[in-house]
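Chains as they are written, first to last, in my numbering: chain S, 1 to 149; chain E, 1 to 784; chain B, 1 to 533; chain G, 1 to 116.
Don't read these hints as lab results, they were simulated from the structure. Nothing here was measured: the structure is a model prediction, and the numbers come from that model. Just so you know, not all the hints are guaranteed correct.
Residues on chain B that point at chain S, a partial pick, calculated with CB under 8 angstroms [stated by the list, open to error]:
1. F3
2. V6
3. V10
4. I13
5. V17
6. F20
7. L21
8. A57
9. Q64
10. L65
11. G66
12. P69
Computed Cβ-Cβ distance ranges for the label pairs, DEER-style [stated by the list, open to error]:
13. B:G400 / E:V700: 52 to 60 angstroms
14. B:A435 / E:R211: 15 to 23 angstroms
15. B:P396 / E:S6: 31 to 39 angstroms
16. B:P396 / E:V478: 48 to 56 angstroms
17. E:S600 / B:T434: 23 to 31 angstroms
18. E:T574 / B:L445: 47 to 55 angstroms
In silico contact screen, one side only, chain E against chain S (beta carbon under 8 angstroms); selected entries [as the list claims (entries may be wrong)]:
19. V217
20. V221
21. L663
22. T664
23. V668
24. L674
25. N743
26. M758
27. I764
28. A768
29. L772
For every residue, glycine included, the Cβ atom is placed at its ideal position computed from N, Cα and C.
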Amino acid sequence: MKTTARIAVPIILVLAVSLFFQGHNLPGGGFIGGVLTTTAFVLVYVAYGLDYLEAGVLDREVDPGTGIFEHRSVTAYRRTFVLGLTIVVGSGLAGLLLGGSFLAQDYVILHDVPIYHEVELASALVFDLGVYLVVVGGLLTILSVVGAE
Amino acid sequence: MSPELSVVTTAIALPFVGAAATPLIYRWFGERTGYAAAALALVSFGLLATQLGEYGTVAAPWIPSIGVALRFTVDGWALLFALLASGIGVLVFTYSAAYMHGGHNLQRYYAALLAFMGSILGVALAADLVVVFLFWELTSLASFVLIGHHTTDGESRYAARMAMLVTVGGGLCLLAGLLVLSIAARQALGTASFDLATMLANDEAMRSALRDQGLFVPALVLIAIAAAAKSAQVPLHFWLPNAMVAPTPVSAFLHSATMVKVGVYFVGRLRPLLSGPEWTLLFATLGLVTMTVGALLAVASTDTKELLAYSTASHLGLMVAGFGFGAVAGGEAGAFHLLNHALFKAPLFLVAGILAHEAGSRSLDNMSGLRRELPVTAAIAVVAGLSMAGIPPFNGFYSKELLFEAAYEFGHEAGGLAWLYPAVATVASIFTVLYSLKFLAVFFGERRAPQKTVPRPPTALVVPPAVLALGVLVVSAVPQFAVDLIVQGAVDATARGQPEFSVHFPPEHVTPPLLMSGVAIVGGVAAYPVTDRVARAIETVRDSTVLIRPSGWYDRALSETERAGAHVGPLVHTGVLRTYVVWGLATVSALVLAGYVATSASVPAVDGLGVPLIVALVLLIALLAGFAVPTAPSHVAGVLTLSILGFVLAIFYIVASAPDLALTQLVVETLVLLIFLLVLQRLPEFYADLDRFVVGRDVVLSLVVGVMAFVSTLLVSPDPAADPTELARYYVTEAVPEGGGTNVVNVVLVDFRGFDTMGELVVITIAAVSVLVLVTMRTRGETQ
Amino acid sequence: MSFLVVAPVVVAIAGVVLAFLVSRWPRVQRATSAATGAVYAGTVATAVWRLVLGPDAPGAAAYQLGGHPAPFGITLVLDGLSAFMLVVAAVVGLASITFSVVFVERDNQRVYYHPLFHCLLLGVTGAFLTGDLFNLFVWFEVMLMASYVFVAFYGGARHTAAAVRYLVLNVVGSALMLLGIGGLYAVTGTLNMADMARRLADPAASGIDPAPVVGLSALLLVVFALKAGLVPFQFWVPAAYTTAPLPVTAMLAGVTKKVGVYAIVRLYFTVLAGAAIPVDVLGVAGDSPLSFLAPVLAAMGVASIVVGGLGAVSRDTLEGTFAYSSVGQVGFIVVPVAIAAASTGQLRQIALVAALVYALHHSLAKSLLFLSAAAVSDATGTNRVRDVGGLAGRSPVLAGAFFVGILSLVGLPPLAGFFGKFFVFDVSIRWYATAPGWAPLAVFLSLLAGALLTIVYTTRTWTGCFWGAETPAVEGSVVDGRQLAVLVALAAVVVAVGVGFDPVYRFAETAATAATERGDYVEVVFPDGGGAA
Amino acid sequence: MSVALAAVVGGLFAVGTFLLLRRNLVRVVWGIAVITQAANVYLIAMGGVQAPTHDLVPVLEGHGSEVPQTADPVVQALVLTAIVISFGTTALALALSFRAYEENGSIDVAEWGEEG
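Just chain S, same shape as in the assembly:
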């Protein structure tokens, strides 16, 4: 199990990130990327237990007695989803401030970029990043807290 995890986790993480980035054009996106990322973390948790996830990966001494509320990794997750939410709202407002309307998205296509020839930069990616962060933060919070119960 631990071996599987050791091999699978990096793969899943890479997959998750690529799914996230390709989401606008191929199946994937912030939500799927986020859930997959969470799955990677969870695999670590299943293989090594919460202690490893929190003490090993995140370098943190675990003390279940103090209450999950002040738990540092939970705090980190919490910050992640708050950050995600902020980005989503911020990107929505940005659309407004840039003369469009609330939640307006736009994209530019950069030509003549080496290797890729053309790269599309969509503001939707920012929005999707917010989605990704909320999902990762939110789900990890749920899992670690439910797991710690």
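On the provided structure of chain S, position chains E, B and G as indicated by the hints.
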């Protein structure tokens, strides 16, 4: 000449302003606040008196959108009532200043009493249905506070709540009745209107509009209930004697010139509008029954205030009956008796207050012969008491004669059973004489009192009843003066046409009504020696059943309601989830299926499975997995089955050309499985007894819900070959140009319908926060 | 200026984010939270004035999110009806959050109380503004999720049990809602409510068969009835209302309940009323989905009045009484809606006004009463009617505010509740006058009975808790001055609405017109006749 | 119009309902899960289901290329949103169930009383 709006509104507003300023006034005047309030009442009285003879309607806008205005009519009837209320108000406030000496909560007392008086003035003068209702309800509210003055006394609270329930409950009927009138006005006057003055001016059109719409009798009944509640008519009479727990000045005010007269007043007010055969049948009967029952109960009373309270109900019955008769004399009886009753009942209550204050008792049984110690009080009581009994030449006699006349005329005209009306009126009057004598007996006969010495009452307590007794004497001596001054105006306002009205004494010749009076007086005096036996007989009947005993049915109804109420909660909200789910799902299934049936929505022709075979196969597996879930032997097995269902559905999404969904479903399903397992490992297994009957019932409901979902899907799911919706086409074509992405679903999610996604993220956030809250608050516990 | 349409949503979601961001500093968080509430109220007031009520206001405005034209993007619509509901939400929300700051224990406030509160407000705001059916579902979920957490907030046995029941019922409701929305999408080919109204009014032009709409809309009706707490979907109400923190209960009773009512009115009167569908089942016949709605809603309303009214009579606690009372009162709100559905023309209009005025009154009065109950429990440590007594002597101000609240419930003029009762009775009688029969009569009599029961239970709480001798719990208790300030402000609003009723009436009339004038609604969303359909 | 889809939706709703009526809290939560899944299948059915081909997948070839006819992306987007939301709800339901079990000492929902 027309009345002055500013004068009228000032007269009404002044008591309210005084009520609001009571804390301030009290700070300056302390216990002498009563005098300040009396001064305010006097100003109102004075202002209103200036309007004598200046009859008409004035208005100021309030809610123009629905045609409601602060509209006031000044006429004889309104002024009679308003002047009585403010005039007696002056005396009651004066009396209060002495009587309430050393009492508690005086600020609230005076504020409520002032507001009470203001509301009465409002009811008297208002000529807009909404405004009438406003003041009508304010009188109920003020009386609630006044009756509940001794808030720590359970009996006070009981009586206050009773008065509130009866009068405000009656108010509901009034509101309904007034709305019926406004609906009729829409037809009769051509516009939506709450203008009572205009309605009265167009009474013919109003009546025919009411009859056209079949609303005449409903209007009549609703208003009768309201008036009966307010004016303590049988069977809503019981709150009045209970209301005597209020401080005596309040009782005097409540009974003579204010609260209880409001119903009668309004009956008089609407008499020109609604009178007719139904009116007479309703109000004459109601009034005479109340007159009799009230008199009987008064005879059986053992308490001074109780006796007077029932007597009030009885006299209110007299007025209602008077207005009930269509004859001129009927209206005269109602209007004139309103004045006379106020003049004699207020001093009697004040006398009862003096007795309670000085002799320390309200019991009729342990007081007698007090005339030596309280000669002035006794004199006042005799004057007022004889007037109450209807003994000539006191003023009570005149108005009662008018009632006899009206009743006799009615009997004479209608014949047959209608002769009961004069007969009942006479019988009731016998008992009126009897209880009047019983009351006066406290001053006569052998000296008996709970206290050895009965001190002389302070002047402030004696002057107000004395003034009123003087009023009785004046009206008795020169009744025509009162008639000319105001009663004629009142009679005009409460009758159709312009009846001329004069009072003659001594009567020029013997008439049937005079004979009826004679019978009443002789009967009453003759029965006096056996009062106790009569009283006991009445008591026996009264207490024979809950339904007859005053407030018996009220107590029963209230306690039954409270008992039912105590049961309803636990009965309906058992806490059993299945009950809730059953109700909800059964209702929704029934409604949805009924909806399809109602519109004869047709299922399109079914052609095979309707899906490609591969899809059908996946679906079949999903269905099997679904059915396996309930049969799972353990939690873990069930969760795994559930996951299989989820994964199969992911495959379904693939074959349904939805890769994004499939991916999402896969990972989400994995996570859900994980959370399930995490939670389940800490939950015990649980096996409920499987009751065949319960399972059978559940299966039936499940099938019904399943059919509902099945039919819904079948009815509305589009033909696979059908064109995609405009929305779908747009998204596919515009995904690249507008959203810059080739994954249409993702573009829809982050761009076209980004707002949904935003909400969805908030949901995830809340879910995350929720587990944090659940965990944290457990360690913290309920500290609410 | 059309940005003002989305502004309330933006403020609400910014409130959520801000409340998270400053959560490390409790004092700042409390201040921010209350301030956001005030900004929200200000934004709503500005938006409503500039767009709906003001002299130069267009009367209604739409906002296309992301700049995508309707029906392809999501449209927000601020018209008279949503404006009316938003104002209610703003008043109650501001009162509730301000009260929360001084009432809820500071430690507990730190447990995400503020972000959750603003989520609740956000969900409500989105639901009132959205012009898209699926988006309505999303905001419903936001609103519900926040309320689940609040019901379970004080994690006791009773609280968690209530939350589980509340959650299960509403998750089922959500599934049913998806059924309804998906079905309507399949039938009409759109999710945009204005577009749907347009297509349903002229089904031939869009090539759709509207027959299943009646059954499908019943699914949504049930979901909305569940949110509104109508019998037989009221089961969650008493437990949820008595277990949530009381300021949140004020929100639940004052605002989220009204979301259900709003959604019924919006869906049926704005969207579906134009569909000409012959309806005939079990003696119910007519030619639009409204003829199906009328008897169903009338029955639910009457049942709610009876169950809620009776249930409130003998409850042990103040909040228990008012929770049951809420079930009954929402019956008073939907009965006129049913009457509106059963009639046409002016009566329909005035019946909707009646529902709206009653809803306004109930929101104000009931939140006032729940907050008063909170103040009582805070001061005395108990809410049991039998353990409290003589409060009127202890705190006349609290007593005064409470008195205003119950009198408004009873419907005494000139308070807000009077006009609610006035119009509800009015339309009930007018219904009887236009269509005499046993149904209108039965409805009228149940209104009468419900109003009578209201007097019974309100006087019971008053004479029980505020009069009488001071009980040990009350002796020496002190009511927090800041809490009193909120109560007095709310009571003042209740009085002001009644005394200065004319503008309120005109606002309600605007709202009722907006609800029924389908053409205007479509016009606002599609200013140029829009779209291909 | 698809009997197979309708049968699955109807069947899953029936199963879900049956589970919701159980006294075992865990089974009630399963009921929730099943019903939500059924609603999602229903939504997909509302877009119409055809034989899967590459063209039907609502992912386009690339920028500027010809636009094929695809499966209804609207319902897919709706279902995606619904899946996420129901995931949040299920997570909350599970956490809450556990708490409710701890507080009430039983997962028999019929045993939890109600007061007030």
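Here is what the structure says about each hint:
For F3 of chain B, the suggested interface contact is upheld, since its CB lies about 7 angstroms from the closest CB of chain S, less than 8 angstroms. For the restraint placing V6 of chain B at the interface with chain S, the shortest Cβ-Cβ distance is roughly 5 angstroms, inside the 8 angstroms limit, so the hint holds. Satisfaction of the interface hint for V10 of chain B is found here, the shortest Cβ-Cβ separation to chain S being roughly 7 angstroms, below the 8 angstroms cut-off. Hint status for I13 of chain B relative to chain S: holds, with the closest Cβ pair at about 5 angstroms, below 8 angstroms.
Against a cut-off of 8 angstroms between C-beta atoms, the interface hint on V17 of chain B holds, since the closest Cβ of chain S lies about 5 angstroms away. Hint status for F20 of chain B: holds, given a least beta-carbon distance of 4 angstroms to chain S, under 8 angstroms. About 7 angstroms separates the beta-carbon of L21 of chain B from the nearest beta-carbon of chain S, less than 8 angstroms, and the hint is met. The beta carbon of A57 of chain B is not positioned within 8 angstroms of any beta carbon in chain S (closest approach about 20 angstroms), and the interface hint is therefore violated.
Taking 8 angstroms as the C-beta cut-off, the interface hint given for Q64 of chain B holds, the closest approach to chain S being about 7 angstroms. A distance limit of 8 angstroms between C-beta atoms decides the matter here; for L65 of chain B the minimum to chain S is near 5 angstroms, and the interface restraint holds. Nearest Cβ of chain S to the Cβ of G66 of chain B: about 5 angstroms, under the 8 angstroms cut. The hint holds. Annotation: interface hint on P69 of chain B violated; nearest CB of chain S at approximately 11 angstroms, more than 8 angstroms.
For G400 of chain B and V700 of chain E, the hinted distance range of 52 to 60 angstroms is satisfied, since their beta carbons lie about 55 angstroms from each other. For A435 of chain B and R211 of chain E, the hinted distance range of 15 to 23 angstroms is satisfied, since their beta carbons lie about 18 angstroms from each other. Under the hint 31 to 39 angstroms, the C-beta atoms of P396 of chain B and S6 of chain E, about 33 angstroms apart, fit the expected range. Checking the proposed 48 to 56 angstroms range against P396 of chain B and V478 of chain E shows it holds: the Cβ atoms sit about 50 angstroms from each other.
Range check, S600 of chain E to T434 of chain B: about 28 angstroms between beta-carbon atoms, so the 23 to 31 angstroms window is met. Between T574 of chain E and L445 of chain B the beta carbons are some 28 angstroms apart, a value that contradicts the proposed interval 47 to 55 angstroms. At its closest, the beta carbon of V217 of chain E sits 60 angstroms from a beta carbon of chain S; the interface hint therefore is violated under the 8 angstroms criterion. For V221 of chain E, the suggested interface contact is broken, since its CB lies about 59 angstroms from the closest CB of chain S, more than 8 angstroms.
A hinted interface residue such as L663 of chain E counts as satisfied when its beta carbon comes closer than 8 angstroms to some beta carbon of chain S; here the least separation is about 5 angstroms, so the hint holds. Among the interface hints, the one on T664 of chain E holds; its C-beta lies about 5 angstroms from the nearest C-beta in chain S, closer than the 8 angstroms criterion. Given hint, V668 of chain E at the interface with chain S, holds; its Cβ is 6 angstroms from that chain's nearest Cβ, closer than 8 angstroms. Of the supplied interface hints, the one on L674 of chain E holds, with its beta-carbon coming within about 6 angstroms of a beta-carbon of chain S, less than 8 angstroms.
Given the 8 angstroms rule on beta carbons, the hint for N743 of chain E holds: about 5 angstroms separates it from the nearest Cβ of chain S. With its C-beta approaching chain S no nearer than about 6 angstroms, M758 of chain E sits inside the 8 angstroms limit, and its interface hint holds. A cut of 8 angstroms between beta carbons decides the hint on I764 of chain E: the least distance to chain S is about 4 angstroms, and the hint holds. Because the closest C-beta pair between A768 of chain E and chain S is about 4 angstroms apart, less than 8 angstroms, the hint holds.
Checking L772 of chain E against chain S: minimum C-beta separation of about 6 angstroms stays under 8 angstroms; hint holds.
Of the numbered hints stated above, those contradicted by the structure are hints 8, 12, 18, 19 and 20, listed in ascending order.
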